[in-house]
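For the protein sequence lines, the chains are A and B, in the order given.
With the numbering used here applied, the first sequence corresponds to residues 1 to 112, in that order.
With the numbering used here applied, the second sequence corresponds to residues 1001 to 1114, in that order.
It is possible that part of the hints are untrue.
Stated by the list, open to error - Selected chain A positions facing chain B (Cβ under 10 Å, derived; list incomplete):
hint: 1; residue: Q14
hint: 2; residue: S94
hint: 3; residue: T100
What the hints assert, rightly or not - Pair ranges (Cβ atoms, derived):
hint: 4; chain 1: B; residue 1: P1055; chain 2: A; residue 2: S40; range: 25 to 33 Å
hint: 5; chain 1: A; residue 1: D51; chain 2: B; residue 2: G1029; range: 23 to 31 Å
hint: 6; chain 1: A; residue 1: D51; chain 2: B; residue 2: A1017; range: 43 to 51 Å
hint: 7; chain 1: A; residue 1: R79; chain 2: B; residue 2: S1018; range: 46 to 54 Å
hint: 8; chain 1: B; residue 1: S1084; chain 2: A; residue 2: R67; range: 36 to 44 Å
hint: 9; chain 1: B; residue 1: S1003; chain 2: A; residue 2: S40; range: 39 to 47 Å
The set of hints was computed from the structure by calculation and includes no laboratory data.
All of these numbers come straight from a predicted model, not from anything done at the bench.
Glycine is no exception: its CB is placed at the ideal position from the N, C-alpha and C atoms.
Here's the letter readout for the chains.
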Amino acid sequence: DAMVIQNPRYQVTQFGKPVTLSCSQTLNHNVMYWYQQKSSQAPKLLFHYYDKDFNNEADTPDNFQSRRPNTSFCFLDIRSPGLGDAAMYLCATSDRGRFTQYFGPGTRLTVL
Amino acid sequence: AQSVSQHNHHVILSEAASLELGCNYSYGGTVNLFWYVQYPGQHLQLLLKYFSGDPLVKGIKGFEAEFIKSKFSFNLRKPSVQWSDTAEYFCAVSTTSGTYKYIFGTGTRLKVLA
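Build the full structure now, drawing on both the sequences and the hints.
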């Protein structure tokens, strides 16, 4: 089945230690999104790629960066995780013109 | 700025009760509207969506929603809930041009008692 895959599902890192989360998709969608979701809150968009064009949200901290080496893969890099960055990170995709977003299972990040 | 409000943060119902979850948005232009469900430990799944046409849309698992343009609302309904509907429900809005971004509501946590 076509889907959005996120690895790892659970990630533990230490305060200040860089971490990379990955997302891959078999839907061949040209838009990919990264969201941060904290407990009992709505997903908060960090950035999205339209093809290779990167679009950062104005309030996304500089600590968060992203790479999209090809259509299928997108990475979220957290350069120096703080305790406040502990959250679920969701990847989603959409096909331009259809607007519906399809979500992966998320990666739960714990910062010690 | 665009925003989405879900006024019911926590809802507790008994099985077979009827459900209505409110969703209101603020945006003057044309919108696409979505309801997603997040079961415990699972990913966000699309329940239903509205792009245009009949304002009453039917989704999976017996859910439906009605778009009332004059009220900027897109309320989710189910005539008879089941224990397995226990989940968090998110309303989302996107505009029909440009940015491909969702604005999510804060979610409604539904608990259905067996």
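Results of checking the hints against the structure:
1. A hinted interface residue such as Q14/A counts as satisfied when its beta carbon comes closer than 10 Å to some beta carbon of chain B; here the least separation is about 25 Å, so the hint is violated.
2. For S94/A, the interface hint holds, since its Cβ comes within 10 Å of a Cβ in chain B; the closest pair sits about 6 Å apart.
3. Hint status for T100/A: holds, given a least beta-carbon distance of 6 Å to chain B, under 10 Å.
4. Between P1055/B and S40/A the Cβ separation comes to about 30 Å, which falls inside the hinted range of 25 to 33 Å.
5. For the hinted restraint 23 to 31 Å between D51/A and G1029/B, the CB-CB distance of approximately 25 Å keeps it satisfied.
6. The hint said 43 to 51 Å for the Cβ distance between D51/A and A1017/B, and at roughly 46 Å that hint holds.
7. For R79/A paired with S1018/B, a C-beta distance near 49 Å keeps the hint of 46 to 54 Å intact.
8. Look at S1084/B against R67/A: about 39 Å separates their beta carbons, and that is inside 36 to 44 Å.
9. Distance hint for S1003/B and S40/A: a CB-CB separation of about 18 Å, inconsistent with the stated range 39 to 47 Å.
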